[in-house]
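*Asks:* So you can see what is in the structure, the chains are spelled out below.
Protein chains: 2
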Amino acid sequence: MIGEIIAIGDELTSGRIANTTSGFAARHLFAAGHEIYAMHTIGDTPALIGEALKRAIRRVDFVVVTGGLGSTTDDLTNEAVAEALERPPTLYPDILEKIRQHLGGTQPAGNLEKMAWLPEGAEILNHKAKMAGYMLVHESVPIFFLPGVPSQMKELLVEQVLPRLSGWSTDNRNYIQQRIYRTFGLPETIINGRLIELEKQENVHIGYYPVDCEVHVSLTVLEKDDLSAEKKFIKADQSLTQALGDAIYGTGHKTLASVVGDLLRKNKKQLSVAESCTGGLIGEKLTAVVGSSAWFAGGVIAYSNHLKEILLDVDQDLLKNYGAVSEQVARAMAARLTDRIQTDMTVSVTGIAGPGGGSKEKPVGTVYIGLFHNNKVKASLHHFEGNRARVREMTANTALDTIRRALLADDAPA
Amino acid sequence: MIGEIIAIGDELTSGRIANTTSGFAARHLFAAGHEIYAMHTIGDTPALIGEALKRAIRRVDFVVVTGGLGSTTDDLTNEAVAEALERPPTLYPDILEKIRQHLGGTQPAGNLEKMAWLPEGAEILNHKAKMAGYMLVHESVPIFFLPGVPSQMKELLVEQVLPRLSGWSTDNRNYIQQRIYRTFGLPETIINGRLIELEKQENVHIGYYPVDCEVHVSLTVLEKDDLSAEKKFIKADQSLTQALGDAIYGTGHKTLASVVGDLLRKNKKQLSVAESCTGGLIGEKLTAVVGSSAWFAGGVIAYSNHLKEILLDVDQDLLKNYGAVSEQVARAMAARLTDRIQTDMTVSVTGIAGPGGGSKEKPVGTVYIGLFHNNKVKASLHHFEGNRARVREMTANTALDTIRRALLADDAPA
Numbered sequence: 017m018i019g020e021i022i023a024i025g026d027e028l029t030s031g032r033i034a035n036t037t038s039g040f041a042a043r044h045l046f047a048a049g050h051e052i053y054a055m056h057t058i059g060d061t062p063a064l065i066g067e068a069l070k071r072a073i074r075r076v077d078f079v080v081v082t083g084g085l086g087s088t089t090d091d092l093t094n095e096a097v098a099e100a101l102e103r104p105p106t107l108y109p110d111i112l113e114k115i116r117q118h119l120g121g122t123q124p125a126g127n128l129e130k131m132a133w134l135p136e137g138a139e140i141l142n143h144k145a146k147m148a149g150y151m152l153v154h155e156s157v158p159i160f161f162l163p164g165v166p167s168q169m170k171e172l173l174v175e176q177v178l179p180r181l182s183g184w185s186t187d188n189r190n191y192i193q194q195r196i197y198r199t200f201g202l203p204e205t206i207i208n209g210r211l212i213e214l215e216k217q218e219n220v221h222i223g224y225y226p227v228d229c230e231v232h233v234s235l236t237v238l239e240k241d242d243l244s245a246e247k248k249f250i251k252a253d254q255s256l257t258q259a260l261g262d263a264i265y266g267t268g269h270k271t272l273a274s275v276v277g278d279l280l281r282k283n284k285k286q287l288s289v290a291e292s293c294t295g296g297l298i299g300e301k302l303t304a305v306v307g308s309s310a311w312f313a314g315g316v317i318a319y320s321n322h323l324k325e326i327l328l329d330v331d332q333d334l335l336k337n338y339g340a341v342s343e344q345v346a347r348a349m350a351a352r353l354t355d356r357i358q359t360d361m362t363v364s365v366t367g368i369a370g371p372g373g374g375s376k377e378k379p380v381g382t383v384y385i386g387l388f389h390n391n392k393v394k395a396s397l398h399h400f401e402g403n404r405a406r407v408r409e410m411t412a413n414t415a416l417d418t419i420r421r422a423l424l425a426d427d428a429p430a
Numbered sequence: 017m018i019g020e021i022i023a024i025g026d027e028l029t030s031g032r033i034a035n036t037t038s039g040f041a042a043r044h045l046f047a048a049g050h051e052i053y054a055m056h057t058i059g060d061t062p063a064l065i066g067e068a069l070k071r072a073i074r075r076v077d078f079v080v081v082t083g084g085l086g087s088t089t090d091d092l093t094n095e096a097v098a099e100a101l102e103r104p105p106t107l108y109p110d111i112l113e114k115i116r117q118h119l120g121g122t123q124p125a126g127n128l129e130k131m132a133w134l135p136e137g138a139e140i141l142n143h144k145a146k147m148a149g150y151m152l153v154h155e156s157v158p159i160f161f162l163p164g165v166p167s168q169m170k171e172l173l174v175e176q177v178l179p180r181l182s183g184w185s186t187d188n189r190n191y192i193q194q195r196i197y198r199t200f201g202l203p204e205t206i207i208n209g210r211l212i213e214l215e216k217q218e219n220v221h222i223g224y225y226p227v228d229c230e231v232h233v234s235l236t237v238l239e240k241d242d243l244s245a246e247k248k249f250i251k252a253d254q255s256l257t258q259a260l261g262d263a264i265y266g267t268g269h270k271t272l273a274s275v276v277g278d279l280l281r282k283n284k285k286q287l288s289v290a291e292s293c294t295g296g297l298i299g300e301k302l303t304a305v306v307g308s309s310a311w312f313a314g315g316v317i318a319y320s321n322h323l324k325e326i327l328l329d330v331d332q333d334l335l336k337n338y339g340a341v342s343e344q345v346a347r348a349m350a351a352r353l354t355d356r357i358q359t360d361m362t363v364s365v366t367g368i369a370g371p372g373g374g375s376k377e378k379p380v381g382t383v384y385i386g387l388f389h390n391n392k393v394k395a396s397l398h399h400f401e402g403n404r405a406r407v408r409e410m411t412a413n414t415a416l417d418t419i420r421r422a423l424l425a426d427d428a429p430a
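Here the protein sequences line up with chains A and B, keeping their order.
Going by the numbering used here, the first residue of the first sequence is number 17, and it counts up by one from there.
Going by the numbering used here, the first residue of the second sequence is number 17, and it counts up by one from there.
I should point out that these hints are in silico values taken from the structure, not numbers from a laboratory.
As the structure is a prediction and not an experimental result, all values here were calculated from the model.
Hints may contain errors.
Pairs involving identical chains hold if they fit within one copy or between any two copies, as the list cannot separate such chains.
Unchecked claim - Below are the DSSO-like pairs computed for lysine-lysine, each with C-alpha atoms no more than 27 Å apart in a straight line:
id	residue 1	residue 2
1	K144	K378
2	K376	K216
3	K336	K376
4	K248	K336
5	K170	K378
Please put together the full structure from these sequences, using the hints given.
*Replies:* Pasting the structure below:
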């Protein structure tokens, strides 16, 4: 199907907020086999919203609209739609009820009440979620109205819009098989090079998406029937996983941290961390995983040298002789914390995230990662490029990947 | 002046590349006093390019077009413009000469020769630079064609487009004053309610932007002359800061963590953290601030009860009698860590982030935040709504805000 995306908000046309939702929608719609005819960004101006909507309905099969569904006075999408498509605002009592419950059940909803008035014919996308978002079918064209808040928009797009669109027209349906492979450690160009032959196959489409420090690769197979799609997909999946090997850490929604958690759980091991330059980022990623208390104990944020001594028992002499950013200190951080708290594995990081603190011998981006595992302690030296945020993100991801590879090596046949 | 921005490229409509140039252009044009009527992203399709261009010329004062000026077969902007505006492709010999020189002077220009053919009337933006980019005045509307490569586009926009536009018409110019206020702790609807009167003032515009757990508020004043804009802005700024009070933690690009850092630095205090349910998130936010080692020591991620005992010296009896998520344990975490590492302030958090672990007495979202400060330890109880990520984010931000308010209270006159 061919669609248009319309993003609404003065914060976008003034350039104050970068529009990340339209690109996200385009990427996912494209991967699902749809084509985007045009993307528009307009301000919170009802006349413009109505005009863009009416023009889109005339020329495409579906429309995705984001933003302007909130409760403040500058949220005008519902009013604009009601006016432009001649669908008078209608009270949705169950939404009003939910808003009142949210407020404690006693007060009137005040400004928030606005969110319970939707254009006639609106169908709520997710009744269970506390977020705006509805579908309106106008002149046989499905129009999806999603919140401008990226996290909510993304959730509704993936969980509601894509499935509804795929069921919309079955005549011309292409049978799609798709998988996302998440990789860490290989540059995008290398991945691209390894998949160039696979890319040339008919009805096979490969997408490359750099996400933070990772590259996610999508494999999409489109065929006229289910069986052909499945057969072709199985072969393409084999080629792809062979080409990228263990740079693929997982598929779908897995994260490096959740994969590390799965391996720790399987191997009945407890992990701890001793973080310097990442300041808690590794612990944060691990504990973002639901159920992480089963395999993650915690650890120490030893940002100052003083804390490396007091909380991690790192010898003052080591710090003096080799410096805090050294192989010796990385090893000591992992080993001493393990001594103290007796977890099975401990990862440690110490490095220079910048912008200050670099020297000729140890420039910004110099990082040591230590690992205590199977009663041995090792450390590796890394040089990461980029700004402070990038160096910290690369450090945390490399630390997680180091744990992942150590656990995989345990599992490998001797 | 009022303008439109048109970005061209299949790589944008497929979501493969994020469109960063339109937002950059909007931001700089807005800051220069212009208004963006709409932004469009379309594929490399001549008919669409022509249609978008013709519609824009009819309704705005200037147009910025990016992308599709290169030498490959999918770069079709020049062809589309020549066709749509009836301006036949014309050879620009000096460009051809430069391309030939670039290639070493001997070979024919091949594919690159395409770049020397521009729509009739095109005026090269920068003769010295080795990059495409021209201006075309059509029906008195200046249209700027810029390369899609972000670095080139940005350079030409700032050095060529903005100065040319500012000289275009000085009659109708708007003078702008703008500020962003970052708030934490007040819901968007309450903020909206407090600013509803200010919003009604002529030439004053207020925007509301929920960002993670915060609400950012923009105040924009547009006037015909510099002095009126400044006068009106000063008054509006006073009303706004009075209405929102200390819910405003900072302006511009400040973060809660950077404001906490500024206050700690000013008060010459060192901070440490004892994190349970946030697992390192508070430390991560603090150490994301450049120069945080001056006021942040580090701390302990005490995710398991075992670590609360070993690393934080929390009494086993406290944990047994009151549970890990309790006022008593939150206080002990902050007090015992301070005893051990002797920082001036210690913040502690312990709570139930979910989705599991809740009970009738302590449902998911129950969080205690402890604070050791001025030789006293306090703890506060919170109930946060939402999923695991939201509860953790709210917990970390509330902990930072607790530190901020404690430091502000020290500064306040007795």
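*Asks:* Each hint: holds or not?
*Replies:* Results of checking the hints against the structure:
Proximity of K144 and K378 under a CA criterion of 27 Å is satisfied inter-copy only: 23 Å between copies versus 53 Å inside one chain copy. In this homomeric assembly, K376 and K216 never come within 27 Å of each other (Cα to Cα): the closest approach is 46 Å inside a single copy and 58 Å across copies. Taking CA atoms no more than 27 Å apart as the test, K336 paired with K376 passes inside one copy only; the shortest distance there is 18 Å, against 52 Å between copies. Taking the closest pair of Cα atoms, K248 and K336 never come within 27 Å of each other, the shortest separation being 60 Å inside a single copy and 58 Å across copies.
With identical chains, the CA atoms of K170 and K378 are never at most 27 Å apart, being 41 Å at best within one copy and 31 Å at best between copies.
Checked against the numbered hints given earlier, this structure breaks hints 2, 4, 5; the rest are met.
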